[in-house]
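The hints should help you fit chains B and C onto chain A, whose structure is shown.
Protein chains in written order, with the UniProt record's numbering: chain A, 1 to 132; chain B, 1 to 93; chain C, 1 to 161.
Please keep in mind that the hints were generated in silico from the structure rather than gathered at the bench. Just so you know, not all the hints are guaranteed correct.
[What the hints assert, rightly or not] Capping the alpha-carbon separation at 35 Å, the derived lysine-lysine pairs in DSBU-like fashion look like this: (1) C:K149 / C:K58; (2) B:K84 / C:K130; (3) C:K58 / C:K130; (4) A:K37 / B:K84; (5) A:K37 / C:K149; (6) C:K72 / B:K84; (7) C:K149 / C:K72; (8) A:K37 / C:K130; (9) C:K149 / C:K130; (10) A:K37 / C:K72; (11) C:K130 / C:K72; (12) C:K72 / C:K58; (13) C:K149 / B:K84.
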Amino acid sequence: MTELAELPPWAALLIAFFLLLGASLTLLGCIGLLRFKTFYQRVHAPTLGTTWGAGGILIASMIFFSMVQSRPVLHEILISVMVFVTTPVTLMLLARATLYRDRAEGMSGVPSLDTGSTGDEATDSTYPTQRS
Amino acid sequence: MSAIILVLALAVAQLMLLAAMGCCLYRLIRGPRAQDRVLGLDALYVCAMLLLLTLGIRSDSTVFFEMALVIALLGFVSTAALAKFLMRGEVIE
Amino acid sequence: MRRLLPYPLLTASLLLMWLLLTRFSVGQILLGLVIALAASRVMGALQPAKPRLRRWIKIPSLTWTVFGDILKSNIAVAGLVLRGGSGKARSGFVVVPLELRDRTGLAILACIITGTPGTAWIEYNAASGKLLMHVLDIDDEERCVAQIKQRYEAPLMEIFE
Chain A
1 MTELAELPPW
11 AALLIAFFLL
21 LGASLTLLGC
31 IGLLRFKTFY
41 QRVHAPTLGT
51 TWGAGGILIA
61 SMIFFSMVQS
71 RPVLHEILIS
81 VMVFVTTPVT
91 LMLLARATLY
101 RDRAEGMSGV
111 PSLDTGSTGD
121 EATDSTYPTQ
131 RS
Chain B
1 MSAIILVLAL
11 AVAQLMLLAA
21 MGCCLYRLIR
31 GPRAQDRVLG
41 LDALYVCAML
51 LLLTLGIRSD
61 STVFFEMALV
71 IALLGFVSTA
81 ALAKFLMRGE
91 VIE
Chain C
1 MRRLLPYPLL
11 TASLLLMWLL
21 LTRFSVGQIL
31 LGLVIALAAS
41 RVMGALQPAK
51 PRLRRWIKIP
61 SLTWTVFGDI
71 LKSNIAVAGL
81 VLRGGSGKAR
91 SGFVVVPLEL
101 RDRTGLAILA
111 CIITGTPGTA
121 WIEYNAASGK
131 LLMHVLDIDD
141 EERCVAQIKQ
151 RYEAPLMEIF
161 E
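The following block holds chain A by itself, in its conformation from the complex (with noise of 0.2 Å):
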């Protein structure tokens, strides 16, 4: 906690800008996770914490070792193009297999590309919660 009063004001300021950035973003995300109605829109919800949630509280934690350690600290670079990289991976092996899972119960509303199907069907806005 010693180095923590040694930083001057501007450095603290952008450092809590960062984090709280990236924090209430995460939080959004989450929050989006617990409102939305359907998995394919919660798909959604996650990515707001990795992309910028993540990147804010990244940005934070590498301005502060930086100032206090007075040298480059920029590892954390390593952690945000990981999770990047991993999230969409992830969120599309997700998505597929709840694609499979809803086709193979037979589950209404889900589109399909193999029948050509790209009419109102797949686009309608009313696709139905699911069962709970």
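Coordinates of chains B and C only, in the frame set by chain A:
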């Protein structure tokens, strides 16, 4: 002055991340379906990783960075395995 | 040169990763170089399909576009959550006919689309080249498809094909 700003910001950020973890935990417990639980777990991993990073800033040690990296890697592998399990019913074929 | 460095990009990024994980010093650079060379030789033994980059020049502008779009859609999705969840969202599935065929390009497009909040890549049919995408808030379906094709697919096609 700067110490007060930082400590306050850190406390607020940590509370927000805790609340975010609570939301993910709710999704993990309540479902309704298996894929929702996996999605909640994935988001929970990310929140835990970010919380560890803020702890690292608070205690001024880079040890937490390694932990965060390990959690990020584990989260990816476990979610990928769970998604495969949802699709096929088994992880190792 | 080709035999010593089968994958120059991979070697360079492995060395960079090693340096980021440790510290910048001559010893670490040497050690990282040895590890990166050995690892890229192992990769060569696996014989992956080598992606060919046609135009480097487009990469920075594409990165910048993606960066800006992620920022914009972050704000949009955050606003949507704040305004009351999915009640107001006009979400639905959109089918995008893709002309991009290069596998690396498609993988990058998938990462871009899913990584951006508000759009998610759901399924791709390699035979017909159609992509099924879920969009959280659709204004106009045709504009949405045009935006994907124009902003991401066109530069990726220039880079990889």
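Exercise. Straight-line Cα separation of K72 of chain C and K84 of chain B no greater than 35 Å?
Worked result: holds (32 Å)
Exercise. For the pair supplied as a hint, K149 of chain C and K130 of chain C, is the alpha-carbon distance within the 35 Å limit?
Worked result: holds (12 Å)
Exercise. For the pair supplied as a hint, K37 of chain A and K130 of chain C, is the alpha-carbon distance within the 35 Å limit?
Worked result: holds (27 Å)
Problem set entry | Proposed proximity, K58 of chain C with K72 of chain C (alpha carbon, max 35 Å) | Roughly 21 Å separates the two Cα atoms, so the pair holds.
Exercise. Taken at face value, is the distance from the CA of K130 of chain C to the CA of K58 of chain C at most 35 Å?
Worked result: Holds - the C-alpha atoms of K130 of chain C and K58 of chain C are around 25 Å apart, at most 35 Å.
Problem set entry | Given hint K149 of chain C paired with K37 of chain A - CA-CA distance at most 35 Å | holds (29 Å)
Exercise. Can the restraint linking K149 of chain C and K72 of chain C be considered satisfied, given a maximum Cα separation of 35 Å?
Worked result: Holds: K149 of chain C and K72 of chain C sit about 18 Å apart, inside 35 Å.
Exercise. Is the Cα-Cα distance between K130 of chain C and K72 of chain C 35 Å or less?
Worked result: Distance ~26 Å between K130 of chain C and K72 of chain C Cα, so the pair holds.
Exercise. Between K84 of chain B and K130 of chain C, is the straight-line Cα distance small enough, at 35 Å or below?
Worked result: Status holds; Cα separation ~23 Å.
Exercise. Can the restraint linking K37 of chain A and K84 of chain B be considered satisfied, given a maximum Cα separation of 35 Å?
Worked result: holds (24 Å)
Exercise. Quick one, are K149 of chain C and K84 of chain B close enough, alpha carbons at most 35 Å?
Worked result: holds (30 Å)
Problem set entry | 35 Å Cα cutoff - pair K149 of chain C, K58 of chain C | holds (15 Å)
Of the numbered hints given earlier, the model fails none.
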